[in-house]
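Q: Those sequence lines, one after another, are chains A and B.
Per the numbering used here, the first sequence starts with residue 195, numbered consecutively.
Per the numbering used here, the second sequence starts with residue 3, numbered consecutively.
The hints are simulated quantities; they were obtained by calculation from the structure and are not laboratory data.
One or more hints might be untrue.
Covered stretches of chain B (in silico footprint by chain A; criterion: 3 or more residues with CB under 8 angstroms from a CB of chain A, positions within the stretch not fixed) [to be verified]:
1) 47 to 56
2) 75 to 85
3) 113 to 121
4) 134 to 141
5) 180 to 187
Everything numeric in this text was worked out from a predicted model, so none of it was measured.
Note that CB positions come from ideal geometry on N, CA and C, so glycine has one too.
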Amino acid sequence: MDDHLRNLIFQALDQTISDDDFERLQDALEQHEDVRIEYLRSVGLYESLTEIAAESDELVDRDRSTREAPAQGTSAPTRGVGLDDPAAWGWQRWAIAASILLLASGAAYWFGRINDPSDPIAVDLRPQQVVQPEQVDEPAESLLAGHATLSRSVDLRWSNGSVMYREGDVLPNGRLRFDAGVAEIDFFCGATLIVDGPAELDVESDWSVRVIRGRLRASVPPAARGFIVKAADSEIIDLGTEFAVEVSPDRARVEVIDGEVELRGGRNHGDHLVTGQRQWLKGSQSDSESLEGLSTVRDLQRRREDAQAQQFQQWKTHSQQLSEDPRLIAYYPIAQSQSDRFIPNRAATGSQRDGILVGPVTPADGRFGPASTGLEFDRPGARVRTRIDGEFAAFTFACWVRIDSLEHRYNSLFMGDGYENGEPHWQIHEDGRMMFSIMVDDTPGSGLGPAEDARLHRIYYTDPIWDVSKSGKWLHLAAVYDPQGRQVNQFVNGEQVSSEPIVDQFHVQTLRIGTAEIGNWGQPLRDSPWFAVRNLNGAIDELAIFDVALTPHDIQSLYEQGKPLGY
Amino acid sequence: MNPSAQPNPETSSADQTTPSAREARYSEFVSLLARHDQSIRRFARSLLPSGQGVDDVMQETALECWKKYESFTPETAEDAAEEFIRWACVIARYKVLSWQRDRGRDRLVFREGVIEQLAQTAMRDLSQRERERNAIEACLKELEDRERRLVLSVHAPGESVAKIAEETGIKVRRLYSKVNALRKRLADCVQLRLLEEG
Numbered sequence: 195m196d197d198h199l200r201n202l203i204f205q206a207l208d209q210t211i212s213d214d215d216f217e218r219l220q221d222a223l224e225q226h227e228d229v230r231i232e233y234l235r236s237v238g239l240y241e242s243l244t245e246i247a248a249e250s251d252e253l254v255d256r257d258r259s260t261r262e263a264p265a266q267g268t269s270a271p272t273r274g275v276g277l278d279d280p281a282a283w284g285w286q287r288w289a290i291a292a293s294i295l296l297l298a299s300g301a302a303y304w305f306g307r308i309n310d311p312s313d314p315i316a317v318d319l320r321p322q323q324v325v326q327p328e329q330v331d332e333p334a335e336s337l338l339a340g341h342a343t344l345s346r347s348v349d350l351r352w353s354n355g356s357v358m359y360r361e362g363d364v365l366p367n368g369r370l371r372f373d374a375g376v377a378e379i380d381f382f383c384g385a386t387l388i389v390d391g392p393a394e395l396d397v398e399s400d401w402s403v404r405v406i407r408g409r410l411r412a413s414v415p416p417a418a419r420g421f422i423v424k425a426a427d428s429e430i431i432d433l434g435t436e437f438a439v440e441v442s443p444d445r446a447r448v449e450v451i452d453g454e455v456e457l458r459g460g461r462n463h464g465d466h467l468v469t470g471q472r473q474w475l476k477g478s479q480s481d482s483e484s485l486e487g488l489s490t491v492r493d494l495q496r497r498r499e500d501a502q503a504q505q506f507q508q509w510k511t512h513s514q515q516l517s518e519d520p521r522l523i524a525y526y527p528i529a530q531s532q533s534d535r536f537i538p539n540r541a542a543t544g545s546q547r548d549g550i551l552v553g554p555v556t557p558a559d560g561r562f563g564p565a566s567t568g569l570e571f572d573r574p575g576a577r578v579r580t581r582i583d584g585e586f587a588a589f590t591f592a593c594w595v596r597i598d599s600l601e602h603r604y605n606s607l608f609m610g611d612g613y614e615n616g617e618p619h620w621q622i623h624e625d626g627r628m629m630f631s632i633m634v635d636d637t638p639g640s641g642l643g644p645a646e647d648a649r650l651h652r653i654y655y656t657d658p659i660w661d662v663s664k665s666g667k668w669l670h671l672a673a674v675y676d677p678q679g680r681q682v683n684q685f686v687n688g689e690q691v692s693s694e695p696i697v698d699q700f701h702v703q704t705l706r707i708g709t710a711e712i713g714n715w716g717q718p719l720r721d722s723p724w725f726a727v728r729n730l731n732g733a734i735d736e737l738a739i740f741d742v743a744l745t746p747h748d749i750q751s752l753y754e755q756g757k758p759l760g761y
Numbered sequence: 003m004n005p006s007a008q009p010n011p012e013t014s015s016a017d018q019t020t021p022s023a024r025e026a027r028y029s030e031f032v033s034l035l036a037r038h039d040q041s042i043r044r045f046a047r048s049l050l051p052s053g054q055g056v057d058d059v060m061q062e063t064a065l066e067c068w069k070k071y072e073s074f075t076p077e078t079a080e081d082a083a084e085e086f087i088r089w090a091c092v093i094a095r096y097k098v099l100s101w102q103r104d105r106g107r108d109r110l111v112f113r114e115g116v117i118e119q120l121a122q123t124a125m126r127d128l129s130q131r132e133r134e135r136n137a138i139e140a141c142l143k144e145l146e147d148r149e150r151r152l153v154l155s156v157h158a159p160g161e162s163v164a165k166i167a168e169e170t171g172i173k174v175r176r177l178y179s180k181v182n183a184l185r186k187r188l189a190d191c192v193q194l195r196l197l198e199e200g
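All chains, please: the whole structure from these sequences, using the hints.
A: Okay, here's the thing in structure tokens:
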């Protein structure tokens, strides 16, 4: 074994090796059996020396006391070098340690998961689940806390100081307060409430809700029978299908629209009401008018469609204006796309930059509902290809995207084919961080990474912007690469989420795109049939690319003009 | 799963019908693990160049081994030891990879190709550790006292060449070359002894 390699091994184990040498050592390890053998021997030597040194406290102490004059020590540490049988000692130590470890870490493993008292799912976990072997290999299961979903809404205006939710959000237990509008709330047990604002509710569990103020209609299918609405001092237990409730500060009443309810608690304890019957739970009984004018599912649906159509129309106007912006490199307002073969580039740069649908791209509802279109990329071959020649001075990418899951390590938004000098990659990491990058120097070997042929580029990350609770929701994402201002800014729903300077080493002045793809990565390795699976599991319904660094204000206004209903 | 099983991990391994059978199985496991812990540790250590993460990997490996112990069924009792190490090392290799993916953000992390190759090579002489250790002890004895103390003191817990250099006033570079020369002598001596033993 040559001395040079041996020194590299020692340096690696001493952790004094340089990056380049470490790469060299790794190459040698990968290629040569005898280097591996030597490396393993050296690890063995290191470990044994460490064990011997640790076991001989005596030696270490004495050594410390003579440290001042290390060259003069002559007394032989004959037994101190740990030459007594360390195996026996180690054995006992391990028998004890191992049993403690099994108990302690087994318990800790689960306590880490079950000591959150607010989590109703986890509390039921029995400690003996510790040993179910199939649970071990899997990453921790993701948990969401909540009892219901805000499934649809119209003109909802949340009260000052209350938590605001958007359509599709999971509702945890706690207070919902809004001053106007209509909300449809789906409880996980299967019951649905249509609530007319102003209203104030307390979501208690999958199976119960307290009405503090407001009017609502509860639909309870057989699967949800037993769902409880609490109003005043009473509990209304559903035994049938549909009932209405109205609660104001001094009055509360219930009316059965279809089916049967039982009242528990309060002054009507034990009463049963059937279709058409009503009862005052609190306050004057004089007024026996029926609960009229309560929104129904159909009302909600109709109002929603109207509002959505109006919003879609407004966006089309904005989109038309936007398409005339001379700073656009390309603009794909997919939401109003008619064709199933290509998506037109609506910017003045023309049809040369149209996008072509390739593979199993499927049309889906866009962010304005069924009237608008999105493109889904959820299968590996799905892609929209485009070709954008030319050189650019800056980049702003902005798109509306619905992410269903981040199922690949990298999930594409927009990617330049070969990732050559000046070309962009815009994607989302599996951990939810948005990544924007530009190739700086595509000469193999110029990179900083461990790979031998690594090329020089720089990835600008955000903190995680997506987790499973955002699955299926529309997000407005933007990334701004500003060579002149030497800054990379990124945005979610109009808000800036990261800002990073471009340092000299990664400064790219001339930007390019060339052939590129929306929702996938075309041909990373041009001379190989293999491709990295990076298709987006989700949909995109608008994408704009500008040859300018838009300001945070510009991005905010793009978001405001393009946001769908319920945002 | 027996619904009345105790919540203690050692009593709840599936398929153990009586408490005493479970207990026997548990002590069998503990004794195998205890006896071969150092070999498995050495294996894991060799895949983690900075040594960082070895404790984590070992803990996860031990836990995983116990959880999967049911599936460990050696052909004969004589084979048990050897097979156990190999079996545990496969788990350890997997734990090293996942440790690196999760936490291995520091500079000295092997790429996966290197880990695979090293693991394969290391699998071949897993039970060498005792012999190697004995050889090292013998070789240490051949060093002069102060040489032996020097080489051991840089390997003592909490020590480093840089620290000792500072405390002794010897230049780091010179100390390194001294220590490395000693390590080479030891390594050669160990190899020779192992060869002679055949």
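Q: Does each hint hold? Answer for all of them.
A: Quick rundown of the hints versus the structure:
no. : hint       : result
1   : 47 to 56   : holds (count 5)
2   : 75 to 85   : violated (count 0)
3   : 113 to 121 : holds (count 5)
4   : 134 to 141 : holds (count 4)
5   : 180 to 187 : holds (count 3)
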